[in-house]
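There are 2 protein chains.
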Amino acid sequence: MSASPIGPELQRLIDLLAKMPGLGPRSAKRAALYLLKKREPVMRPLAFALDDAANKVTGCSICGNWDSMDPCAVCADETRQSGVLCVVQDVADLWALERAGAHKGRYHVLGGLLSPLDGVGPDDLDIGGLIARAKEDTITEVVLALAATVDGQTTAHYLTEHLETSNVSVTRLSQGVPVGGELDYLDEGTLSAAMKARRPV
Amino acid sequence: MSASPIGPELQRLIDLLAKMPGLGPRSAKRAALYLLKKREPVMRPLAFALDDAANKVTGCSICGNWDSMDPCAVCADETRQSGVLCVVQDVADLWALERAGAHKGRYHVLGGLLSPLDGVGPDDLDIGGLIARAKEDTITEVVLALAATVDGQTTAHYLTEHLETSNVSVTRLSQGVPVGGELDYLDEGTLSAAMKARRPV
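The listed protein sequences correspond, in order, to chains C and S. Counted from 1, the first sequence has number 69 at position 38 by our numbering; the numbering is strictly sequential. Counted from 1, the second sequence has number 204 at position 173 by our numbering; the numbering is strictly sequential.
Warning: the hint list may mix true and false statements.
Same chains, same names: a pair is fine if it fits in one copy or spans any two.
Here are the simulated SDA-like cross-link-like pairs (lysine to any residue), alpha carbons at most 20 Å apart as the crow flies [what the hints assert, rightly or not]:
1. K50 - D82
2. K227 - G212
3. K68 - T196
4. K69 - R111
5. K166 - P153
6. K135 - Q112
7. K227 - G90
8. K166 - T191
9. K87 - A59
10. K166 - A179
11. K87 - R43
12. K166 - A224
13. K50 - P72
14. K87 - T110
15. K135 - L217
16. K50 - L67
17. K69 - T185
18. K69 - A49
19. K69 - E129
20. K69 - G38
21. K227 - S35
22. K68 - G143
23. K87 - Q184
24. K68 - K87
25. K69 - S197
26. K69 - A59
27. K68 - S99
28. K87 - C106
Hint data in this document are derived by calculation from the structure and do not stem from the laboratory.
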């Protein structure tokens with residue numbers, strides 16, 4: 032084999048890009064070539080933005096959201112309802128609910144789901160913080176906005192048990208036919224759940 | 032609408048990530064969250080690698096390959112055959128041929144393909160450099176390793192005409208059945224080309 036056509040600086044950049052979710056070794060090369068062509072408009076600003084965010088963005092000490100201020104913008108927003116606390120697995124889910132405008136109250140980010148098989152126990156998640164917040168007088172309802180998976184249900188079950196001593200009602204997201212979804216393409220579990228949870232028109 | 036849950040530093044990072052090929056707005060968010068979790072092992076090194084590559088990597092003045100040295104590692108490699116010059120559209124194609132170990136000679140990166148519809152003319156590509164190199168005594172063959180598309184064929188035709196005055200043989204990559212490809216799934220154009228170019232076993 033002759034020498035690699037890719038120099039060490041470029042190879043290191045490609046290796047790091049390839050670690051990002053959504054990029055593999057081949058698309059990382061494509062991304063690196065794209066960035067080299069867009070040095071001033073994208074590559075240098077991206078280097079700065081990465082460094083800047085790495086320095087400034089921290090987890091909110093109240094809810095666990097990522098933000099450059101602490102408390103985060105959501106926790107600091109006085110106009111939000113303070114009575115309803117929405118529990119999510121991850122910051123991505125918080126952003127998804129915000130994008131949908133689906134929740135006007137507060138959030139709590141667990142940082143994962145209980146998963147006995149993967150060795151994730153209660154101490155690995157911010158469950159203590161949630162229980163403490165649920166005991167606050169302002170909180171009247173805790174919405175468990177967790178994935179409809181085995182781990183999500185395990186976590187929901189565990190949280191429901193441990194929130195019993197708090198004076199809050201515990202709810203969860205409804206399950207059913209996705210908006211725009213055709214019945215023909217839905218799995219049987221979703222169809223059964225939607226039928227069981229049917230509501231008057 | 033209440034304030035965005037995503038702060039300005041993070042939003043700028045997401046916007047820049049979303050410009051990369053292979054990442055859209057949603058996967059850019061996912062990438063940003065991943066990076067924030069991997070600050071020391073990935074995020075800061077990536078910021079440094081981007082800046083470092085932006086400063087050090089330049090186009091090779093001979094062939095157009097991207098490298099941190101000029102001439103690039105391929106042009107500087109004395110062990111490579113100097114008689115065969117392989118013309119590619121882009122650096123990505125050079126890397127692909129090197130990965131395959133398909134070419135042991137020199138390269139010339141055009142920087143694109145002729146595309147009258149997109150307004151890409153001969154002056155937008157490094158065709159002058161190619162013609163000049165093809166006139167060098169050491170070069171005996173120019174291989175046109177261009178895409179099997181209309182633009183690729185247009186470019187190959189143009190280059191073949193303009194290389195006639197040079198004392199080189201001009202060749203192109205063969206077309207046919209991809210290795211591992213099943214006939215049933217191949218388009219008719221490829222099948223016809225493979226049949227026309229059939230060879231004795």
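We went through each hint and held it up to the structure:
In the homo-oligomer, the alpha carbons of K50 and D82 lie at most 20 Å apart both inside one protomer (17 Å) and across protomers (18 Å), since each shortest distance falls under that limit. When the C-alpha separation of K227 and G212 is checked against a cutoff of 20 Å, the pair qualifies only within one copy, where the shortest distance is 18 Å, while the shortest distance between copies is 48 Å. For the identical chains of this complex, K68 and T196 are neighbours neither inside a copy (59 Å) nor across copies (33 Å), given an alpha-carbon limit of 20 Å. Taking CA atoms no more than 20 Å apart as the test, K69 paired with R111 passes in neither setting, with 41 Å inside one copy and 31 Å between copies.
Taking the closest pair of Cα atoms, K166 and P153 come within 20 Å of each other only inside a single copy of the chain (18 Å); across copies the shortest separation is 72 Å, beyond that limit. Taking identical chains as interchangeable, the C-alpha atoms of K135 and Q112 lie at most 20 Å apart only when both belong to the same chain, with a minimum of 6 Å there against 68 Å between chains. Taking the closest pair of Cα atoms, K227 and G90 never come within 20 Å of each other, the shortest separation being 39 Å inside a single copy and 64 Å across copies. Taking the closest pair of Cα atoms, K166 and T191 come within 20 Å of each other only inside a single copy of the chain (14 Å); across copies the shortest separation is 79 Å, beyond that limit.
Taking the shortest alpha-carbon separations for K87 and A59, only the inter-copy value of 19 Å comes in at or below 20 Å, while the best intra-copy value is 26 Å. Within a single copy, K166 and A179 get their C-alpha atoms no closer than 26 Å, and across copies no closer than 67 Å, so neither meets the 20 Å cut-off. Only between protomers do K87 and R43 lie at most 20 Å apart by alpha-carbon distance; the minimum there is 13 Å, versus 25 Å within a single protomer. Neither within a single protomer nor between protomers do K166 and A224 lie at most 20 Å apart by alpha-carbon distance, with minima of 32 Å and 74 Å respectively.
Taking CA atoms no more than 20 Å apart as the test, K50 paired with P72 passes between copies only; the shortest distance there is 10 Å, against 23 Å inside one copy. Taking the shortest Cα distances, K87 and T110 never come within 20 Å of each other, neither inside one copy (25 Å) nor across copies (49 Å). Proximity of K135 and L217 under a CA criterion of 20 Å is satisfied in neither setting, with 30 Å inside one chain copy and 53 Å between copies. In this homomeric assembly, K50 and L67 come within 20 Å of each other (Cα to Cα) both inside a single copy, at 19 Å, and across copies, at 13 Å.
Proximity of K69 to T185 under the C-alpha cut-off of 20 Å is found in neither arrangement, the shortest distances being 47 Å within a copy and 27 Å between copies. In this homomeric assembly, K69 and A49 come within 20 Å of each other (Cα to Cα) both inside a single copy, at 19 Å, and across copies, at 14 Å. Taking the closest pair of Cα atoms, K69 and E129 never come within 20 Å of each other, the shortest separation being 32 Å inside a single copy and 24 Å across copies. When the C-alpha separation of K69 and G38 is checked against a cutoff of 20 Å, the pair qualifies only within one copy, where the shortest distance is 19 Å, while the shortest distance between copies is 25 Å.
In this assembly of identical chains, the alpha carbons of K227 and S35 never lie at most 20 Å apart, being 61 Å within a copy and 36 Å across copies at closest. With identical chains, the CA atoms of K68 and G143 are at most 20 Å apart between copies only, with a shortest distance of 13 Å across copies and 38 Å within one. Proximity of K87 and Q184 under a CA criterion of 20 Å is satisfied in neither setting, with 34 Å inside one chain copy and 51 Å between copies. Within a single copy, K68 and K87 get their C-alpha atoms only as close as 28 Å, which misses the 20 Å cut-off; across copies the closest is 13 Å, which meets it.
In this assembly of identical chains, the alpha carbons of K69 and S197 never lie at most 20 Å apart, being 54 Å within a copy and 35 Å across copies at closest. For the identical chains of this complex, K69 and A59 are neighbours both inside a copy (15 Å) and across copies (18 Å), given an alpha-carbon limit of 20 Å. With identical chains, the CA atoms of K68 and S99 are at most 20 Å apart between copies only, with a shortest distance of 15 Å across copies and 30 Å within one. In this assembly of identical chains, the alpha carbons of K87 and C106 lie at most 20 Å apart only when taken from the same copy (17 Å versus 43 Å across copies).
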